[in-house]
Every structure is written in structure tokens, then in C-alpha cells.
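In case you want the letters, here they are:
2 protein chains.
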Amino acid sequence: MKKEVLEVQSEAIFRMGEFLRNEGFVELLPVIISPLTDPLNHSVYDAKIPYGNGYYSLTKSMIFHKQLALREYPKIFIFSPNVRLETEDKKHTGRHLIEFVQLDLEVKDATREDILDLVERLLVYTMQKLEEKFGAFIKSVNPNFHIPKTPFERVKYLEAKEKLGSDFELLLSKEKGDPFFLIDIPIEEREFYDRLSDDGKTLVDMDLIYPYGFGEGMSGGEREYELDRIIMRMKYKNMNLEDWKWYLEEVKKGIPKSAGCGIGIERFVRFVLNLPSVKDSRLFAKLPGEIAL
Amino acid sequence: MKKEVLEVQSEAIFRMGEFLRNEGFVELLPVIISPLTDPLNHSVYDAKIPYGNGYYSLTKSMIFHKQLALREYPKIFIFSPNVRLETEDKKHTGRHLIEFVQLDLEVKDATREDILDLVERLLVYTMQKLEEKFGAFIKSVNPNFHIPKTPFERVKYLEAKEKLGSDFELLLSKEKGDPFFLIDIPIEEREFYDRLSDDGKTLVDMDLIYPYGFGEGMSGGEREYELDRIIMRMKYKNMNLEDWKWYLEEVKKGIPKSAGCGIGIERFVRFVLNLPSVKDSRLFAKLPGEIAL
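Protein chains in written order, with the working numbering: chain A, 32 to 324; chain B, 32 to 324.
Isolated chain A, as found in the complex:
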């Protein structure tokens, strides 16, 4: 691996953390094992570890821990290592690793628009800092590199799908020259915890899509925080409420209203450096379906 890739990746996480601290965030330590983790909206192999009288699961995202942490502090982030034992068909997408790191952040009482604004400024700040320090290298490997203008374009999911068909996300990613947000994602496409909008069909959420075909690099949204709505959403997903007693007990005690997102670090570095695959953006990359160091 080129030493500059490691330097860019290292600087990126430093500057992201610096930006968020300057915005009043605290960094939490990651949670790797918990009886409670993200159900995701696609199926991965289970990673459960028996211990004592129960078992621990590996963290697939810290979504619920973020909600609980907001009881203690109103703006939080974590460089959160996530293990998702993806199926082997995802081996050659260039976009999937079975362990990766996301910058997971959440803000009490925030709206989706607050998070879109924050993410735009975070990415621009980080790219500016990377350009200052590694501009020559970055441009040598990525002739398309430039600092995107804010605000990023907002594209409505259903409108884009109607216009361009089911491959719209990849088509738009290839066509655009700047990152953009895909918003108002339909309820059936996402987990139960993103907030349902008043139309009853789409969520108050978003993905960030990188240009030049690099695809999705961040997901987030406003969250459900009221017990009755959460139970309704779990039932819509045919989830067994008994499996979710840890979470539902905490919701009964009260969790804050919030919005937040998770930004994939390897995908961000891949985008900035125009790398063939996310596996080229870090050491010890593990592709779906393989056992690797």
C-alpha cells in the first residue's frame, strides 16, 4: 500500500474529529459487543458469542447506543468499527468489507436538515484539510478531485426512481460530478428506527451518494423515539418484539428525539483517492466470503 494512502486516511479521521469537537461534540469509545445491535435492512450471517448466562452480538452499527448516549450528552460521535458478515455475493462490489469503520454521530433535538448541513460542512472541511497537506498526491491519483460546493443537491428517492428506473442510484452516481443527498427513502427500504414522515410512506432520512460511480457513503435520518411508533414500525418489519426487550425497556424509560448518521471511512478515502476498491483504502481489509488477516 502506498504510504500516502495511510497518511490521507489518518489525517481524514483526525480532521473529522477536530471538526466535530469544534462543533461541540464529544467522542465516545466504541462498543464492539452488546446484546443489542442494528438489525440492518439486509441479511448478513449472525455473529453471536456465548458468555456467562447469555450472549453478545458484534456491533453492526451503534444506532441504539447513540440514542442512549444522548441522555448523557447532546452531541456525540464515535469512530465505530462495525462487523457485518456479508454474504459472498458482495465480494466484488468494490464497496463492501466485512469489517469497516464508520464515523457514527447523533445530535439531540436535531432535524434531518441540521445533519445534512453538518455533513456538508464536515466533508468540505476535511477535504480542504486533505488538499492543504496532500494536494499534489491527491491530484496525481484523482484528477477529478475538487472541493464540492454547498449546499449539496437533494434528490428525492421516488422521483429519481420514477424518472430513471430501479438503477437510478448508480446512474446518478456515475452522472454527477459532486456528492449529493438522496432523501425521503421509502419505508420498505430501511430499518425501523428512521422516522416515518407524515405521508406514511417515506422516511425523514437520507443517503449521501458520491459521484463518479462510487455510490453510497453515508446513511442517516431523524429517528423514531416514541414507544407506540417504534412498536408500530417493528410490527411493519415483522420483528419479534420479544427479541427487542433490551431496546423497548430503554424506550419506555425515554430516549431523546434526535437525528444522526454514519459516514463510512473506507468509502470516503476511496472517493477522495479514486481507489479501485474499499479494500485499497485500509490495511487488513477483509472482503465478504473470505478469512483474511
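Be aware that one or more of the hints could be misleading.
You can't tell identical chains apart in this list, so a pair holds if it fits in one copy or across any two.
Quick list of in silico lysine-lysine cross-link-like pairs, DSS-like style, CA-CA up to 27 Å [stated by the list, open to error]:
#1 K310 x K79
#2 K268 x K180
#3 K34 x K170
#4 K139 x K33
#5 K139 x K164
#6 K232 x K283
#7 K91 x K310
#8 K266 x K283
#9 K79 x K276
#10 K122 x K187
#11 K160 x K106
#12 K79 x K139
#13 K79 x K91
#14 K139 x K34
#15 K33 x K232
#16 K121 x K180
#17 K180 x K276
#18 K310 x K276
#19 K160 x K232
Hints listed in this document are in silico derivations from the structure and should not be mistaken for laboratory results.
The hints should help you fit chain B onto chain A, whose structure is shown.
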């Protein structure tokens, strides 16, 4: 949890990373699952996850990954989340969590003395930055807080044990007013990878011991890197070489000479803030023997 504890923990990791970057280090992303992890020198429950044709273990430390990463870059660090499924007898030590974060660092061609010097300066820098920002809070909870003088005292393990008996580490930790290094730890007390000194009985390694009874907060040393010596040390530990083929294959290809260490974040925060237990130094703390969020 007091919001100031989260602020101090967040600032501590920021300043540690900043210090190391200024010293020419790059930060790597953590490895959570691998077929290869630290055997440790004490027994913990196994955390193995079947996947594809093999299995992954949870990272107990990134020692071997650090050695391999030095092929790519000469100074590296990771905020490495480690899972060690400790036995329940360690529940009430105030010093053990089953998941914790260590600042794991390694330097190509370094000596133990280089690392002792680095760690002293790292801790002093971080404590100074914490005092600047949170001095009033820190002194309100920790009347003993002060910036330690460098160099820290070096105490030889066998000499201290002879003088004070087998409880020497705790006795010294309670008696001292400043952090100190315990050096030259006997071969039977440590893993195979710390370098054996010419006396054939002790290792070129160290622990950092905090004062006021807080005990050990960092371990490290020079490392073995030559195949014949590594095999000798594995045999001394009665390790099954077949189980270590991943590692031995890499050693055959060549791993750099190095020294390094791992600094426990929760223990550092506990020391700075005079907290009753490491569980008070982070959110979602998990004690040995229990299933907790």
C-alpha cells in the same frame, strides 16, 4: 455519568492522537476480527465466530497486526477496541472490563528506551492539555492531580519483588506519588512476543504503573522478530505451532524489528479523574461475568 468525564475522555484521545501525529505517526483503523490475535498470558473465554470455511477471533490486542503494519509505515498507532471475555473473578477489581480501548502503538527499529521516552512525553502532554481545558474540574475530583516529572522512575521487577514480596506491584502503586515503569519482567510472566534479554530470564519490556493504587496502565516492550527465536519462545510456552501458522508464515516473509506498547484509555481516564472503577470512565462499560448494553 458526569458530562465532564465524557469531555475529559474525548479530549484525552484527541490529544494523544495529535501528539503522535506530530511525532510522525499515522493512525490505522482498528482490526476487530482476525484468525490471528494475542494469546495473552492469562486465560479468558474464547470468542470465535464461524464464517465461510473458517472462523474469526475477536481482537484481544493488535500486537501482530502492528508488526505487519510496520512493513508499510515506520510509526503507527490505533485506538484499538479489545474484547477479552475475562472470568467472573475479575468483576470487582475496578480495573477490568470485557471490552476496552487501548492506544496501541509500535515503532520500527525502536528500543524499549525510545518507547519509555515517548510514553512519558505522551502522558505529560495529554495531562497538560487536560489541565489547561478542565483543570478546575479535574482538581475538584482529584486533589492529587499534578503533571508528573520526566523521566519516570524505572523499577526492576525482580529487585522489587525480592525486596517487597509478591504483592510488590500493588504496594509500590499505593506508595508512589507518580507513575513509574516496571521493567525487566520475567519470561514466565509474559507472552512469547516480547524480546528476551541476554540474561535468558527477563524480557526487554515494561509496564507503566499508576500511583495511588491505580496499578498497571500500559504494557509494552521490544519484540521478537526472528523466526528461530519466536519458535523457541512459543515452545517455551507449550504453544501448538500448528495453531500459529498464519503468524509463522508472515514471520518467514520477514517482520520488522520493533518496540511498542498499548495504553489503556479507560485506566488512564480513571487515573486522571480519580474514579472508583474503570467502569466509571466510559459509557456502556461491561464488567466481567455480566451481559450489559
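Comparing the hints with the structure gives:
no., hint, in the structure
1, K310 x K79, "both (25 Å within a copy, 23 Å between copies)"
2, K268 x K180, "neither (38 Å within a copy, 59 Å between copies)"
3, K34 x K170, "within (16 Å within a copy, 42 Å between copies)"
4, K139 x K33, "between (40 Å within a copy, 17 Å between copies)"
5, K139 x K164, "between (34 Å within a copy, 24 Å between copies)"
6, K232 x K283, "within (26 Å within a copy, 58 Å between copies)"
7, K91 x K310, "both (19 Å within a copy, 23 Å between copies)"
8, K266 x K283, "within (17 Å within a copy, 55 Å between copies)"
9, K79 x K276, "both (17 Å within a copy, 26 Å between copies)"
10, K122 x K187, "neither (29 Å within a copy, 51 Å between copies)"
11, K160 x K106, "both (23 Å within a copy, 22 Å between copies)"
12, K79 x K139, "neither (31 Å within a copy, 37 Å between copies)"
13, K79 x K91, "both (12 Å within a copy, 17 Å between copies)"
14, K139 x K34, "between (39 Å within a copy, 15 Å between copies)"
15, K33 x K232, "neither (46 Å within a copy, 40 Å between copies)"
16, K121 x K180, "neither (32 Å within a copy, 54 Å between copies)"
17, K180 x K276, "neither (44 Å within a copy, 51 Å between copies)"
18, K310 x K276, "between (37 Å within a copy, 24 Å between copies)"
19, K160 x K232, "neither (40 Å within a copy, 50 Å between copies)"
Checked against the numbered hints given earlier, this structure breaks hints 2, 10, 12, 15, 16, 17, 19; the rest are met.
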